[in-house]
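Chemist: If you want the building blocks of each chain, they are given just below.
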Amino acid sequence: MKNKKFLLVFISFLFLLIFLKTFLSNFLLIYPGDVFLAFCLGILILRGSGILLYFCLGLLGLLEGLDFLKMEIFWCIYFILMGLIWNHLKNYIVFGTLEAKLSLWILSILCTLIIRGIICFLNLNAFIDWEFFLNFLIKSFYYIISTFLWTVILDKIFTVFFVK
Amino acid sequence: MKKAVIIIVIIILISSIWYGIKRTSLFNEIFGFLLSPFWKSASFLGEKSRVFFKNYVILINIKKENEKLKKENLLLRSQLAYYKEKDRIYKTIEEFYKVSTSLDYPKIIGRIIYRPIDPFSGVSFIDKGRNDGLFPQMPVLASVNGEAVALVGQVVEVYKNWSKIIFITDPSFAADVKIQRTGDRGILVGKAEKYCNLQYLPPASELKPGDEVLTSGQDALFPPGILVGKVIIVNKDPVQGVFKFAEVKPFVDLHNIDFVLILLKLPEIPL
Chain A
38 MKNKKFLLVF
48 ISFLFLLIFL
58 KTFLSNFLLI
68 YPGDVFLAFC
78 LGILILRGSG
88 ILLYFCLGLL
98 GLLEGLDFLK
108 MEIFWCIYFI
118 LMGLIWNHLK
128 NYIVFGTLEA
138 KLSLWILSIL
148 CTLIIRGIIC
158 FLNLNAFIDW
168 EFFLNFLIKS
178 FYYIISTFLW
188 TVILDKIFTV
198 FFVK
Chain B
-18 MKKAVIIIVI
-8 IILISSIWYG
2 IKRTSLFNEI
12 FGFLLSPFWK
22 SASFLGEKSR
32 VFFKNYVILI
42 NIKKENEKLK
52 KENLLLRSQL
62 AYYKEKDRIY
72 KTIEEFYKVS
82 TSLDYPKIIG
92 RIIYRPIDPF
102 SGVSFIDKGR
112 NDGLFPQMPV
122 LASVNGEAVA
132 LVGQVVEVYK
142 NWSKIIFITD
152 PSFAADVKIQ
162 RTGDRGILVG
172 KAEKYCNLQY
182 LPPASELKPG
192 DEVLTSGQDA
202 LFPPGILVGK
212 VIIVNKDPVQ
222 GVFKFAEVKP
232 FVDLHNIDFV
242 LILLKLPEIP
252 L
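Chains A and B are the protein sequences, given in the same order.
FYI, the numbering for the first sequence is 38 to 201, going by the working numbering.
FYI, the numbering for the second sequence is -18 to 252, going by the working numbering.
So here's chain B without its partners, still in its complex pose (with noise of 0.2 Å):
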């Protein structure tokens, strides 16, 4: 009893002193080198079974076809909204000043090792940690041939080869975006459901179903003009009653996603 206490004392010490010093949990850092290769296999099994049953049992040829189609829409809409973003921009600002908005952060492909789909909240991991150059805060990306194309998530906890990350349905996530049509500002907020909330926007604000919703880039934390959803419902904030509310949807299918893009870019000051 008395030799199992001092363990536990012992345990809680280092523990103590290696927050102290890394800012992370040892208990975490120790899980994620022992249990990555069964994650990591067991994600790979996991998505092979998947991918199989999806391609080569339930209609072949069509499935295959409309997930190609798909994902080069989701591609050809998200560099669509990219370059009108980065046009509006331009036009306003041209003559005032010659900024320059850009995307062009260091990018990193990470695999989803791990998803719990937890019905309560929205954290995954990554196969990436502190020793590929990750950070808390920076965002995640889903990834169509390579290229970032809608807003997922953030990274919230890095590890020394792993990270967690949180989806935008995440409670606890929050950003800053706009209106593609419309420039109006919002608040999106994750609820633990399949859609987000889109809160604080204007009461005078025109923006209908079918609105894309893109990051607006003043939360210092997410670029502006990344793609995040599309609005399926609009309606009076029934708290805040001078707002307007909406319902968005995510565009990319957050639990079917294998990889992931992270951006290497760390929160800065908003202009």
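Here chain A stands alone, though its shape is the one from the complex (with noise of 0.2 Å):
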């Protein structure tokens, strides 16, 4: 894809997504999932390499750390670390298939909650008992299973869109 097209395709989904996501977390009230994580492995499909890429990379990780105290700037790293391992990766990995790319999603995705859980026991002033490690487990699960179906739809979107 052309620098001008991903430019285009990058900025009207970013605020369409930034949009989407103040709406449903103020409509529903629940955590709509990892938006930018999910927008993030969508690109990485879209676009190989570049420094495009990693500038746009590296601008969903400063979004994606307004959602903590901060932590902008480490959030800005880890991305577009994620996008050289990705491009390190395709070397051995043959990203058509549908079980490369699945597995490199959940990988993703698991890594960032790893990260986030970190984060949180970090900051963390209270004890940790089983009801506590129970409620992060469930809502650990359900981290993984919202940001993963994001992760699918918009790499729907832009497959039908973008890459044929």
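Please keep in mind that the hints were generated in silico from the structure rather than gathered at the bench.
Be careful, since some hints might not be right.
Claimed, not checked - Below, simulated DSS-like cross-link-like pairs (lysine-lysine); rule was C-alpha separation at most 30 Å, straight line:
1. LYS127(A) <-> LYS(-17)(B)
2. LYS107(A) <-> LYS88(B)
3. LYS(-17)(B) <-> LYS41(A)
Said to hold, decoys possible - Negatives, chain B to chain A, calculated, CB over 10 Å:
4. TRP(-1)
5. ALA23
6. LEU55
7. LEU56
8. TYR71
9. ARG96
10. ARG111
11. ILE213
12. VAL215
Unchecked claim - Which stretches of chain B does chain A cover? Using the computed rule of at least three CB atoms under 8 Å from a CB of chain A, they are:
13. 2 to 9
14. 13 to 20
15. 118 to 127
16. 145 to 153
All C-beta atoms, glycine included, are put in the ideal place defined by N, C-alpha and C.
Assembly of the complex is requested from the two constituent chains, each provided in isolation within its own frame, with the hints serving as guidance.
Modeler: Put into structure tokens, the structure is as follows:
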């Protein structure tokens, strides 16, 4: 995909997703899923490498970091690193197959979940008991499912409209 | 490639200089400026749709009346708690000092423009910032009819036209509180769940489920006598066995508030 078209797709979808995320969390009062991570995984399928891709990933990382306290740069670097790792993995894995895509998506979502969990535990002043742990597992499961759904939806849209 | 690297270095330099001068993130200032209209309009639409479904589709009158009564009840309880606390303080120190504790800080109403409802934190954004006189660590309260009723959180990051607040359920939140009935003090901490933990309560404390929890004012951040929540479970602290611990249910449904009151009160040195 050419730079101009990619940038146009990125910006329009970015604003749409910001709007959707804010609307859904306000309307349903539930966590709508990690939309920015899903978008990041979606655009990694659209484009393999290039400065523009890493710029977009960095921007998504900064937006992801808004949900945390003073962690914007960390998330920016994390998203860019994820892009670099995906690019490196292309030497070993064929991205065309559904299995490869699914496993990489799940792996990325799990990695992000682990980082989120670590941040949560580092901030935590309360003690951890089995009830807290059980709640954490349920929330993690919900996080994986909702983010994965967003990833599948965005990938489908990108594949139908932009790849073919 | 070379051009891109130069641009990135320039961006990093500018943001570092900005942080050095303003002590805030340049990116967040830009995002706030660019995305505020999006957050505001999406929040407004979401809020209106939610209210429509809540009030007009599901049990029009009963739901409305219940909400109104709940709000009135909360307001009255808050006033009662405030006056009881004030009365107790006066009775205790009247003989010794001529001191008065007052909640009459200037307040400002903020609208919640973005709530991530993140399962692992309790961060939200409000539409008031540095321009409106906000500073980090200012207390955030729920409001009913323009009156502050219960503590909901604290301002943590302030930008030009917006701010980040954390709710009392956020893992990084902590406040010095006391049980209204017994006067026992403890530390209220969030744990990214519906309820908060009240830790380091004295072992001889006679608190029981249903007791109301108020801010003690001893942490120098929150004024004394603000309603926080209600005790629902009392137990022995599994980690610090000497102490007791309780689970506290906030008086306000933190995800369901659209407006908050920010007390323009800076941290002070405790008495």
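Chemist: Would you mind marking each hint as holding or not holding in the structure?
Modeler: Evaluation of the provided hints:
1. LYS127(A) <-> LYS(-17)(B): holds, 25 Å
2. LYS107(A) <-> LYS88(B): holds, 26 Å
3. LYS(-17)(B) <-> LYS41(A): Distance of about 20 Å is within 30 Å: holds.
4. TRP(-1): holds, 13 Å
5. ALA23: ALA23(B) not clear of chain A: closest Cβ-Cβ about 4 Å, inside 10 Å.
6. LEU55: holds, 19 Å
7. LEU56: holds, 23 Å
8. TYR71: holds, 33 Å
9. ARG96: At roughly 6 Å from the nearest Cβ of chain A, ARG96(B) sits no farther out than 10 Å, so the non-interface label is violated.
10. ARG111: holds, 16 Å
11. ILE213: holds, 13 Å
12. VAL215: VAL215(B) is indeed farther than 10 Å from all Cβ atoms of chain A, at 15 Å.
13. 2 to 9: Holds: 3 residues of the segment 2 to 9 of chain B have a Cβ under 8 Å from chain A.
14. 13 to 20: Check passed, 3 qualifying residues.
15. 118 to 127: violated (count 0)
16. 145 to 153: holds (count 5)
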